[in-house]
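Asks: One letter stands for each residue in the lines below.
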Amino acid sequence: MGLFGAPGWPPMLFNDYEVGDFFDEMFGEANQPRASARTLVNNIESLAPGEFFNRQRAAERALLQMGITFNVYGERAGAEKIFPFDLVPRIVPAAEWSRIERGLKQRIVALNLFIDDLYHDQKILKDGIVPAEIVLSSRAFRKQCMGFNPPRGIWCHVTGTDLVRHRDGQIYVLEDNLRCPSGVSYVLENRAVMKSMFPQVFAQSRIRPVANYPSRLRDMLEFLAPDCVTAPRCVLLTPGTHNSAYFEHSFLAQQMGVELVEGRDLVVDEGYVCMRTTKGLEQVDVIYRRIDDDFLDPKHFRPDSMLGVPGLMDVYQRGNVALANAPGGGVADDKVVYAYVPRIVKYYLGEDIILPNVPTYICSEEADLNYVLDHLELLVVKAANESGGYGMLVGPHSTAAQRAEFADKIRANPRNYIAQPTLALSRVPTLTGDHFEGRHVDLRPYILYGKEIFVLPGGLTRVALKKGSLVVNSSQGGGSKDTWVLADAPVPEKDEFSPGSPSLNALGAA
Amino acid sequence: MLSRVADSMYWMSRYVERAENVARFIDVNLQLMLDDSSGEGQQWLPLVNTTGDHEEFTKRHGKATQQDVIAFLTFDAENSNSILSCVRTARENARTIREIISSEMWLQLNKFYLMVTAAAETPDAVLSNPHDFFTEVKNANHLFNGITAATMTHGEPWHFFHMGRMLERADKTSRILDVKYFILLRSAQDVGTPFDDIQWAAVLRSASAFEMYRKRHGRISPRGVVEFLLLDREFPRAIHFSLLAARDSLHQISGTPVSTFRHAPEKWLGQLCSDLSFAGIDEIINGGLHEYLDELQTRMNQAGAGIFETFFAFKTPKSGRRQTQEQ
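Chains as they are written, first to last, in the working numbering: chain A, 1 to 510; chain B, 511 to 837.
In case anyone wonders, no lab produced these hints; they're calculated from the structure.
Cβ atoms here follow ideal geometry from the backbone N, Cα and C, with glycine treated the same way.
One or more of the hints may lead you astray.
Derived DEER-like restraints, expressed as beta-carbon distance ranges [said to hold, decoys possible]:
#1 B:Glu721 with A:Pro11: 38 to 48 Å
#2 B:Gln807 with A:Arg264: 53 to 63 Å
#3 A:Gly257 with B:Glu588: 31 to 41 Å
#4 B:Glu646 with A:Asn42: 36 to 46 Å
All chains, please: the whole structure from these sequences, using the hints.
Replies: Set out below in C-alpha cells:
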C-alpha cells in the first residue's frame, strides 16, 4: 500500500472518461485535457495502480480525524457527518478568474450602494427601477435600520456568491449570499489536504494560495472598529454547537485568534457590549456574527430568541459596536430582488453587468406566473427566503404530486417564488467506484468588503455526487472539491468559450 | 478568558481523566480475579460505588455480576459515568472550545472518541479480551495529557484544565482507596497472608503505583499503601500531590500568593492541603479511614462548588467593572 499502490486496482486513466453533453471543466474537445489541467492529468495517470484510491481514503480519514464535520438538521440532534470530499480539483485558468473577480467586485459594490439607498432615500424605488412593494414586502427588509449609517458605510462585509456554468460555457450568478455564507473553512481545509496528497502537482503548477483568508477577515473586522479604539477586540458570535456550521465558526475564530462567543457570553452594560470572563466584563468592539438578523437581539427582532444579546441593536445604533454583516443587508439577497440585480448595477454604476444572472421568472408578475405554472416540469422553483436547498422544486426530477403541491404554494403566495430554467451545470471528473465519471459542480467564491474589496482566489466547489443530480447542497447529498485558481494565463485555448448574450429561450432549449 | 470556556476546559479535562480511572478500576478487578482461585474475591458492586452510581445500577440491573458491571461502566450510553459517556462528554466540551485548545489536542481527543465508539459497536468482541481495551483507554488519556502539556500555552486556560484533572484524580484515588480498604479488611484473618499481599499490590497497580511504592516503602502493608496513596507529596496519583497541584493552578489563575486567599475555593483548597501536610497516618487509621475519606470527599466537593460559583456561574453585570482590552 502507500507509495506502491495496491494490487488488484486498475490504473487510473482518463482514456474512456466521457464528457457527455455538458461543459467539462477539465476536458475539452475530443477528450483532450484543457491546458490548465494537463499537469494534473499526467500526474494522476502516472500513479501506481490503487494509489489514487489510497489517497482518496487517506484524505477522508484525515478529514474525519480532524473532525471536519457538519450537523444535519432534521436528524438526531447534533448528528455529525463528514462533508464528502473528492480528490479531483476544479481548475480555473487565470484569465477566466480575472473576469470572475471583476464581476464579483462590480456586483458587491452595486449591492452595497443599493442597500444603503434602501435605508436612506430609496431613490431606486422612486425612480421605479425596482418595484417598491418587492423590497418593502421582503422579510429581510428591516425598518429598524432606516436612516442608519453602518461603520465605514459597509453593509455586506462577507459575501459568498454562488456561480454556475451552463452548457453554453457561460458563467452565471445563481445567488448572492449576503447573509453569513458558510463553507470557507472547507476551502481552507480541503486545500491543506490536497497539498499533502499532490505535492508534486503544487510544485509544478502556479496555484494561488488561499491560506491568508483568516488574516484578511480579521483585518476587515478591525477596520470596522470605532476610531477611538486602539486595540479593537473582535469576536465571532455563533448560535452554538448544534448549528450546522459550528465547525466553521470555531475554525475561523481559532485561525483569526479571536474569541468564539455565544449569545450567553455577551451582555450589554452601560451602552457597550461586554463578554463575561473569569476576571469580570471585558468590552467588545466588533462582532462577526454568524446568527441571522431575526435572532440577534430579542428586544428588536424575535422576542423568543435565546441565541442573541438583549440590547445589542441599541449599542450598534449608537456606534459603540460594529456588526458584520450589517443587519438589514439580507434584503439584497432576496431571491426576487436578485432578478433585478442587472438593473441595479446599471442604475448605480452605469455599467453593464459582467457576470450575468440566470434568467429568472418572477411569479408576482402575471405573465411570468402563468408561464411558470404551465412549465413546472422544466423549471427550478425557489422560495424567496429559504436557503441550503430547502423549499425548492427541481422540475425535471419531480413527481406530478410534488408539482401539484408546489403549484398550490405558488398560487397562494406568488411574491414568495421565482423560477429559473434548469441549467445543465458543468461537470468535473469525480472518483466513482474504481474510475472517474463526470459530476455536476457549482462554485462559491468568497468576497470580503473592508478597506478594499478582496476576492479569495479559490472558493468552494460543491459537487452533486449522485449520478445525474444537480443538487450540490451538503444537506442533500453533495460533496466538495478543492478549487485551483492558476496564477499565470496558460496558452490561449481553442476551446475557450466566448461569452454570448444569454436568453431565456436559448437556455430553455439547451 | 470567557467563563463558559473556562467551564468547558475544566470539565473536558475532568471527564477524560474520569474515563481513564474507570478503566483502571475495572482492569484491576479483572486482574484480582485471575489471582483468586477460590472465587471468593469476586466483588463487582464496589466498582459501581467508586463512580458513585450504586443506586442507578441496582435499579436497572439488580445483582452485580461481572458482565453487567463491566457493560455498565464501559459502553452504557445511559450511564453518564461510563467510559463511553465520559469520552463523549469530554469531546462535546472540546468541540465548544476547539478554537482555544491546540489542534493536536483536538485530533487526539477525537481519535480517542472514535476508538471508543468503534469499540462500543462490537462490545462482545472487545470485552472478551478487555485488558487490551482498558490499556488503550489509559494510553489515549496519557497521550492526550502529554500533548496538552507540550502544545498548549501554560496560561489561564491550561490551569483550568490542570486543576480539573487534578481534582478529578484526587477524588477517584480517594474512592478507590475507600472501597478497597473496606473489602480487603473485611476478614481479619487475611491480613498478612500471601493473598492479602496480592490484593494490596493490585490496589497499587490500579493507581500505577506499585513500583513507585516499592522504592519508597519496600514491604507491602495496608498502612504503607494508605499512606502512599493518601499523603505522598511526590507520587503523581496520590491525593495529596493532586490537591497541591490543583491548588497551585488555582493560585496561578487568580494571581493570589499561595497560603493566602481572595475567594472561597482558595481558602477551602488551602485548608485541605494544609491538613494533609500535617496529618499522621496512624491518627487517620485509628480514627477510621472510611470516615476520614468521607470527610475528604465532602471537602473536595465543596472546593469544586466554590470554583463553579467563583468562575463559571452566571452573574448579572455590576456597572463600572468593565475593562477594555489590554495589549
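Asks: Per the hint of 31 to 41 Å, is the separation of the Cβ atoms of A:Gly257 and B:Glu588 within bounds?
Replies: holds (40 Å)
Asks: Taking 36 to 46 Å as the stated bounds, is the beta-carbon spacing between B:Glu646 and A:Asn42 within them?
Replies: holds (43 Å)
Asks: Do B:Glu721 and A:Pro11 keep their Cβ atoms within the hinted range of 38 to 48 Å?
Replies: violated (55 Å)
Asks: For B:Gln807 and A:Arg264, compare the CB-CB distance with the range 53 to 63 Å and indicate the outcome.
Replies: About 31 Å separates the Cβ atoms of B:Gln807 and A:Arg264, which means 53 to 63 Å is violated.
In this structure, the hints that do not hold are numbers 1, 2, in rising order.
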